[in-house]
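Chains as they are written, first to last, in the UniProt record's numbering: chain A, 1 to 255; chain B, 1 to 255; chain C, 1 to 255; chain D, 1 to 255; chain E, 1 to 255; chain F, 1 to 255; chain G, 1 to 255; chain H, 1 to 255.
Hints listed in this document are in silico derivations from the structure and should not be mistaken for laboratory results.
Beta carbons are placed, not taken as given, at the ideal position from N, Cα and C, and that holds for glycine.
Do not rely on the hints blindly, as some may be mistaken.
Capping the alpha-carbon separation at 20 Å, the derived lysine-lysine pairs in PhoX-like fashion look like this [unchecked claim]: (1) E:LYS116 / E:LYS177; (2) C:LYS50 / A:LYS177; (3) G:LYS50 / D:LYS177; (4) F:LYS116 / F:LYS50.
Residues of chain C placed beyond 12 Å of chain B at every Cβ, according to the derived structure [what the hints assert, rightly or not]: (5) GLN9; (6) SER15; (7) SER36; (8) ARG52; (9) GLU57; (10) ASN82; (11) GLU107; (12) ASN120; (13) ARG125; (14) THR126; (15) ARG156; (16) ALA172; (17) PHE216; (18) ASN237; (19) GLY243.
On the chain G side, residues computed to face chain C include the following (Cβ under 7 Å) [stated by the list, open to error]: (20) ASN120; (21) GLY164; (22) ALA190; (23) ASN215; (24) LEU226.
Each chain, written out:
There are 8 protein chains.
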Amino acid sequence: MADITTILQQYKDGSLTLDAAQQQLQTAVSLADAASVEDMGFANIDLQRKERCGFPEVVYCAGKTIDQSVQILTLLMQQYDNVIGTRADKAVYDRLVPQFPDVQYHELARMVYQRKDTHNDNGDRTIAVVTAGTSDIPVAEEAALTAEIMGNVVERIYDVGVAGIHRLLRRADDIRKANVVVVVAGMEGALASVVGGLVNKPVIAVPTSIGYGANFHGLSALLAMLNSCAAGVSVVNIDNGFGAGRLADMINRMR
Amino acid sequence: MADITTILQQYKDGSLTLDAAQQQLQTAVSLADAASVEDMGFANIDLQRKERCGFPEVVYCAGKTIDQSVQILTLLMQQYDNVIGTRADKAVYDRLVPQFPDVQYHELARMVYQRKDTHNDNGDRTIAVVTAGTSDIPVAEEAALTAEIMGNVVERIYDVGVAGIHRLLRRADDIRKANVVVVVAGMEGALASVVGGLVNKPVIAVPTSIGYGANFHGLSALLAMLNSCAAGVSVVNIDNGFGAGRLADMINRMR
Amino acid sequence: MADITTILQQYKDGSLTLDAAQQQLQTAVSLADAASVEDMGFANIDLQRKERCGFPEVVYCAGKTIDQSVQILTLLMQQYDNVIGTRADKAVYDRLVPQFPDVQYHELARMVYQRKDTHNDNGDRTIAVVTAGTSDIPVAEEAALTAEIMGNVVERIYDVGVAGIHRLLRRADDIRKANVVVVVAGMEGALASVVGGLVNKPVIAVPTSIGYGANFHGLSALLAMLNSCAAGVSVVNIDNGFGAGRLADMINRMR
Amino acid sequence: MADITTILQQYKDGSLTLDAAQQQLQTAVSLADAASVEDMGFANIDLQRKERCGFPEVVYCAGKTIDQSVQILTLLMQQYDNVIGTRADKAVYDRLVPQFPDVQYHELARMVYQRKDTHNDNGDRTIAVVTAGTSDIPVAEEAALTAEIMGNVVERIYDVGVAGIHRLLRRADDIRKANVVVVVAGMEGALASVVGGLVNKPVIAVPTSIGYGANFHGLSALLAMLNSCAAGVSVVNIDNGFGAGRLADMINRMR
Amino acid sequence: MADITTILQQYKDGSLTLDAAQQQLQTAVSLADAASVEDMGFANIDLQRKERCGFPEVVYCAGKTIDQSVQILTLLMQQYDNVIGTRADKAVYDRLVPQFPDVQYHELARMVYQRKDTHNDNGDRTIAVVTAGTSDIPVAEEAALTAEIMGNVVERIYDVGVAGIHRLLRRADDIRKANVVVVVAGMEGALASVVGGLVNKPVIAVPTSIGYGANFHGLSALLAMLNSCAAGVSVVNIDNGFGAGRLADMINRMR
Amino acid sequence: MADITTILQQYKDGSLTLDAAQQQLQTAVSLADAASVEDMGFANIDLQRKERCGFPEVVYCAGKTIDQSVQILTLLMQQYDNVIGTRADKAVYDRLVPQFPDVQYHELARMVYQRKDTHNDNGDRTIAVVTAGTSDIPVAEEAALTAEIMGNVVERIYDVGVAGIHRLLRRADDIRKANVVVVVAGMEGALASVVGGLVNKPVIAVPTSIGYGANFHGLSALLAMLNSCAAGVSVVNIDNGFGAGRLADMINRMR
Amino acid sequence: MADITTILQQYKDGSLTLDAAQQQLQTAVSLADAASVEDMGFANIDLQRKERCGFPEVVYCAGKTIDQSVQILTLLMQQYDNVIGTRADKAVYDRLVPQFPDVQYHELARMVYQRKDTHNDNGDRTIAVVTAGTSDIPVAEEAALTAEIMGNVVERIYDVGVAGIHRLLRRADDIRKANVVVVVAGMEGALASVVGGLVNKPVIAVPTSIGYGANFHGLSALLAMLNSCAAGVSVVNIDNGFGAGRLADMINRMR
Amino acid sequence: MADITTILQQYKDGSLTLDAAQQQLQTAVSLADAASVEDMGFANIDLQRKERCGFPEVVYCAGKTIDQSVQILTLLMQQYDNVIGTRADKAVYDRLVPQFPDVQYHELARMVYQRKDTHNDNGDRTIAVVTAGTSDIPVAEEAALTAEIMGNVVERIYDVGVAGIHRLLRRADDIRKANVVVVVAGMEGALASVVGGLVNKPVIAVPTSIGYGANFHGLSALLAMLNSCAAGVSVVNIDNGFGAGRLADMINRMR
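Chain A with its partners taken away, still in its complex shape (with noise of 0.2 Å):
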């Protein structure tokens, strides 16, 4: 199929009519759209996310293959300097790492990434990542690290369920210097709408699946979030680190 360039090349010296150059520019529009997917046949990559969205695409390793992912990740790491895989097995990791020296690990957040490139994007404006409880960290982790790699400062403060709102309270001026705020919550997600009620930035929450009988696997914390009373609140998929760190960056980026 002719490229744009073609086409109009083609009716300027009139090897092409008016009609058939209109018709045939519409799927030649179309197709310059596409030219950036690298077509794998198990996956469409985009390669001009970053330019698009300031970074790569993220590979959601779960469901896949670790042969996918791994040929998935190789394409994209060869490209960029900072690359995200979620959900992944150790086993990714295994298989990147001989040749992709700077790949890390990271057991409890399952995530595989490759962080080249540290420079810190958004200067002094913090994300503080927020957990009720210990058991919340790994969701945590998988928010605080993805906007870290995507270049911001991110302020972790773990532990400070409103059981003991005292325990909150004590890091509320931590908690208010931030410019947006990630909470981490299981059980009863009751951090999300204190936090929404302390601070005066955008709230992300993110239910957990901690806990166990009518939390059903998070839907407690999921309900409870989405009900908040305090403004400025709003909800991602239980146990969505990834989504949350994501968001919080994108915000943060706002000027």
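Starting from the known structure of chain A, fit chains B, C, D, E, F, G and H onto it as the hints suggest.
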């Protein structure tokens, strides 16, 4: 059927054999237990409840016809000073008041009641009834009024939800002074956990159906309260102000 | 109870011992925090909210009696130029308008509000409010109006659901120009993901209860939005236009 | 903004450089796609739907104001012979009929429609619409009428639920003669599986909200149909007669 | 504590007053009822169940330790000919068989049992156990075996699900001959309704967890069966073959 | 289409070949089965139901128009002595009574019925209908009335819920005398298990939607009854009094 | 039992009366239908399925023992060229391959199959199988392989989810060329709606359980697809690739 | 940061102005509250919990790494006599026991604990822990052990579920003697209501996940208990033995 005394005497005077006496006693003992039930056909009213439990049977009027509620409450009001009907249509009150001039109706709480005995059984041991918002007040009043009619002093602390934690903290001392705390909250129900962390007394959490969307008619608050990370918190049914008031009275009576 | 100044002076002039001064200071500091709360019995109005958060308390009228809503809004309208009541019955407006001639009522959005200060705080940074269908407009208007009253310029882009993707794509540039995007959609809620993939700005997704059957009052859109495969999407409660508008304002203010 | 023709000509005559022409073409092509959309502010009507899909846009009236529905249907009825509005209040019909004397209203199916073209597109290929009970007829009529207006012959076979299997078996041959079968059933929804086992044609199952208790507004029939052990059965939303009729038309058109 | 006889005699001989005799009789009668319970600390075994209900207590082994199951079954096997343990690990059988050589284990049904008395109590009245598929057989065997051990003749009719209705119809006469019918089905559970329409005998429906996806571990079949449009169908818990077999026995015994 | 007799005769007299006779017989046999169905277009009435099942078809009026219900009931009342319509609007009764003077309407149970034959089929075998509370009576009456019209003696035992176990125990002997027990209960539905443990007869449990909050329209009672630890308990749909009455009749008929 | 021919002849030669002949014919006709069923005790195999439906019975291996699956597949593979077993353990393949050298196993799709007849029944009419992500491929392969074995040409278009809409649009023409489209997506399942809006052909949507948290094992995608605002979309069970492939084949065969 | 004493003195000696003193006091008071928290990075241990609440912080070990649990418990065991870790892997015990020879592990209850102080705080006021079945014992032991370690006498009454009500009634007096009752039950959870009706003391209901099918991991018991018709019953999370034990202790301490 002969009663226990008769059987014993008939056995003593020889008109009953040992076997016959044993047989008849089984039924007689059961019937003795049952003597206290007034069978109205559509309802069995327990007339020893006050002796057994300290307060006469309380009538749940929803699902009953106006006529059934009136008949049952008439029976009880004739025998007891303090009587409660919950979830009552005002029509029940209108039908009762000509005969029982002391009967009262609380519109918000939808309670019809007679409170001739206003004695305070529990001295200075107060029950705190705390709400997250103004919209939770009808349920809270059902709890508070129940506890008062049963002989308790109630401290009402309304609209102190967690989104503005200082609203709650300024009342913390008042809450800590109470012997039992009833927390009434809808939406994310976080108030129960925060109060549970502030006090060293039993907290009875009442989820309300206040809220919308993913509140799912009280489910969000219910699950949050069941998953409370604070110790000493237990939960009653959604919007069950009466149950909370009754349990608070029961705990407040303990010596 | 003495205030902080008094205690300090009494300690200085010797009328308080060190111990007594320390003790009394604990309470005095708490009360200072609480000074800004107007306790109406059925409601505690936070009178420093504007100072702390940039906008006075917003009144959620559902579940409150007309009378309660009117009393609270009266208090706020006397003190602030811009005031919002959501989920308000028109009767609230009718009761307020004689005293506050500037008060307005938006029937579709069910909002009662006073907007004396029409200053645009955020310059040319627009917030796009996008709906999937015509039926989503009431929720979208709640979001848009909220954001406008708080000082933002809003671009409304309605009825561009994914079933005819070209309807959306022809508005893609308008959406990309916005600083924050609010996506309001019921049914399958797919619009949030598609918009999330088109823009490099935070997307606030508002599921609506529009639909029927297996929509389950907004559950389908809610779950879809929470599971969005697009980065930068977070979710507020079903039909919670106000929450989205408030959060969009908060993000739009960030510098 | 220049259209494609203009850009081509300007490039040909040299008033546009190659680069400028390429740039402007991107937008022009998008706008060409969008030319067919009538933007009414509250709705974007797709005016090439009939060309693209064989039938003009169908208006889902629930959630729209009467006025919005009337405006949209007026626009469509002016341009097309056959037009459908579903879930329509009779008031919509009342407002349309003075201007469009051919408009009709089906009370049970809650459809307002104009059917000037009664041509039968699909010859003797019938669509069978089968219901389990009499109460399922409103949904079935929505499906049947939709298919008829779109140019199909419909065979209605009503009240042949599985509890009396001979009622169904005596109509088995009629059902087998159809080219596509729509099965409409509430309660346990078993009819879809039994019909699916009788025929060798696609079965479109429509769960209805008919039933009570553990029917949960159509959930029982929906789940049953999704779990059908018969091959060739697929499912549309609860009570979605229109969707089934539209899909049946689409399949029936295949050659 | 004195027993009834002693009290009667002591009252007769004057060593007890009337009042004292009355008092003591209350407790004595209760204890007489309780005499048949073997209290093992971790379990209270009812040793008059066979007299009262026709079959000794059946042991649900899931959730018990191997040791607990073995101790309880040992106690029962020593006293009764026919004894059943359900959801039993094979280890329970292995521990019992040295001492009770008649004990058997049915791997598919996960039942351990002793059946020394093979007398057929119900003559030629058969119980039909019907399954929709092959995968439902383990649950069906639990039902069939239970009914057989309790003295019934069972007719097994397996894999006659509705997707091929002729598979079922060719066995219709066999099913109609039964006195009670147990229908075991997963997926859409439609078989219960179809069988319910074919027979004039009680149908006990057992939903199974067989299926996947929107089956939600048996929920689809459960809801379908509860909503059966056929009369005479009642439902037991998901996968509860034992419950169905026990109830079938109970109905089959009725004269 | 020729009937079976004609085909046999035509084959005998040679006007049909063996092959043709075989072919035609297939259809003729099916049609013979179907002869008993009265096809009203919107309903197929089974006119051999009484012969097959002992009672004519029962009309579920909910979801049908008044007119449809009246037409179907008219057809049945002309042919049978005893006829039942459930979930019927009183308007159905009002339309029927001029033509059928024996027709009756039970307001609480919402049943319209004709009971010309008051013969008691089952002698002294009673069916006990037991309710937990007064509010469960409408559902219980639907069950009781159904069983009575079908020829059974019903013993009503109302308001004996488990919260006052002695209310139940004093009626234990009455319940034990019954041949089948229907237990109707909302809220926690515990009555089914307790009754199931008291009797050695089949217990049909009917969960009701009585209750509030976490009752979720009968779900709590439904799940409780399905999980009953007592043997011999099976469950029908929420509020399905008719289904329980019909099944009780069927079991009570067994000899 | 005599067959139809015998009865006809006996009637002709007078050894059967008309009445007796009629009676026996009823059963004989039913049995003729059933002649094609192979009763294996644990399974009833339908041996006329290919004649009736165009393809032999497909074996769902989950829930069956290895042995049962092998026996059923052996029976089918002996009689038919093309045979499919789904959700099969590799052990089934291992047991079959010695006897049936053509048998194949697709690990990702978990299908065991024999495809001796590779004839393409449907000419150039392709079925497009489209996935949102790489993780959806196993389900997609089950659909694609099923359709291929049944005689269709399949175009696989993988990893074109909506978060990067241009990935999809560049393949839009390929999708539009297909005669039927199968859309396989997890998470928010939005792809079905977007594809439904792009094409004028039936779309079969397959929700997958890919995702986490509020995905609830495929519920989010399922609900989204059922609520699709695009016409022509119907849904099969979660992860039911086979069902989609079978239905696509059925639609693709229509002439 | 200066402490309160310093500030007071600095103000007294004039080195701080009134304004500066006021400002600094705000923070100083907050920090005084926080002094009792030991910040371990991954956990904030509250070291004044015993003073405030009567018992040191209890460690919920699930979701924490072995290492985290050990570090936290080490800190607590060094400071307190009685310490509890719940949901603990035996590995936690194995790591602690060398250093703390008094530490114990209860396998069934999965608790690790140190109980050096065996003083009985509450005299003869017993807490009854009652289970419906043997399978509920692990949860019951978590409750009982918790209450014992906190200084209470516990009466264990196991396996007295309602299916054999006499098993319960024979223990009724023992239960009535208790000051607080913990009822632990799975399946239909009916025991809570029956016990609630027998006693005049607070009943803490603990639903367990024991059961199968429509038990849905404890949901059936949970809903039943929340809907209990007995007064004085409140509910904790599914399987939350610890919460029940802690609350029972709290109530039992009330004077």
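Verification of the supplied hints:
no.	hint	result
1	E:LYS116 / E:LYS177	violated (28 Å)
2	C:LYS50 / A:LYS177	holds (19 Å)
3	G:LYS50 / D:LYS177	holds (19 Å)
4	F:LYS116 / F:LYS50	holds (15 Å)
5	GLN9	holds (23 Å)
6	SER15	holds (24 Å)
7	SER36	violated (8 Å)
8	ARG52	violated (9 Å)
9	GLU57	violated (8 Å)
10	ASN82	holds (19 Å)
11	GLU107	holds (18 Å)
12	ASN120	holds (27 Å)
13	ARG125	holds (27 Å)
14	THR126	holds (27 Å)
15	ARG156	holds (22 Å)
16	ALA172	holds (29 Å)
17	PHE216	violated (9 Å)
18	ASN237	violated (4 Å)
19	GLY243	violated (10 Å)
20	ASN120	violated (32 Å)
21	GLY164	holds (5 Å)
22	ALA190	holds (3 Å)
23	ASN215	holds (5 Å)
24	LEU226	holds (4 Å)
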